[in-house]
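K.L.:
What follows is each chain in one-letter form.
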Amino acid sequence: MADGRSTLTGLTHAEAQEFHSLFVQGFIGWIVICFIAHVLVWFWRPWFPGAEGSAAASQSSIMDNATQLSQYALQFLA
Amino acid sequence: MWKIWLLFDPRRALVATAIFAFAMVMLLHFIVLSSSPYYGGFLGWGGGAEVSAVSTPVDSMLS
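Protein chains in written order, with the numbering used here: chain A, 1 to 78; chain Y, 1 to 63.
To be clear, the hints were calculated from the coordinates, so they are not data collected in a lab. Even for Gly, the Cβ is constructed at its ideal location relative to N, Cα and C. It cannot be assumed that every hint is accurate.
To be verified - Just a sample of chain Y residues kept apart from chain A, beta carbon distances all over 10 Å, derived:
1) Val15
2) Ala16
3) Ala23
4) Met26
5) Leu27
6) Phe30
7) Leu43
8) Trp45
What the hints assert, rightly or not - Listing some non-contacts, in silico: residues in chain A with all C-beta distances to chain Y over 10 Å:
9) Gln25
10) Ile28
11) Gly29
12) Val32
13) Phe35
14) Ile36
15) Phe48
16) Leu69
17) Ser70
18) Gln71
19) Tyr72
20) Ala73
21) Leu74
22) Phe76
23) Leu77
24) Ala78
Stated by the list, open to error - If the Cβ cut is set under 10 Å, some of the chain A residues that face chain Y in the computed set are:
25) His13
26) His20
27) Arg45
28) Trp47
My request is simple: use the sequences and hints to build the entire structure.
P.N.:
Put into structure tokens, the structure is as follows:
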């Protein structure tokens, strides 16, 4: 340490920054993998409107309306 | 933000993060798989061996 003080973990500032950059890289990689996995699952079985919503699209209920609203929201975002 | 590693030991944080993430991933995957035949039907999970009648783009591509 330039100022002669020690840290709680014993890491220098340079070591902490180096580890932090690696940690952030790993976190970003994790997020990317999760995103790809979710896209694949969406293609397989999209969770909106869900099994009940797709199978019973003709039935009307509060839940169907909520499902429709979420679909509109997703369409708007996409 | 990097100064967090002056407070928390990176080795312990890595081990704790890995254990927590693995446990959470296993828990959530099993919850989803057992939630309904829509997601767990191909394993016979989620209330019966019947696979959901809902057809998705992948189903039509596979069949």
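K.L.:
Which of the numbered hints are not met once you compare them with the structure shown?
P.N.:
Of the numbered hints, all hold.
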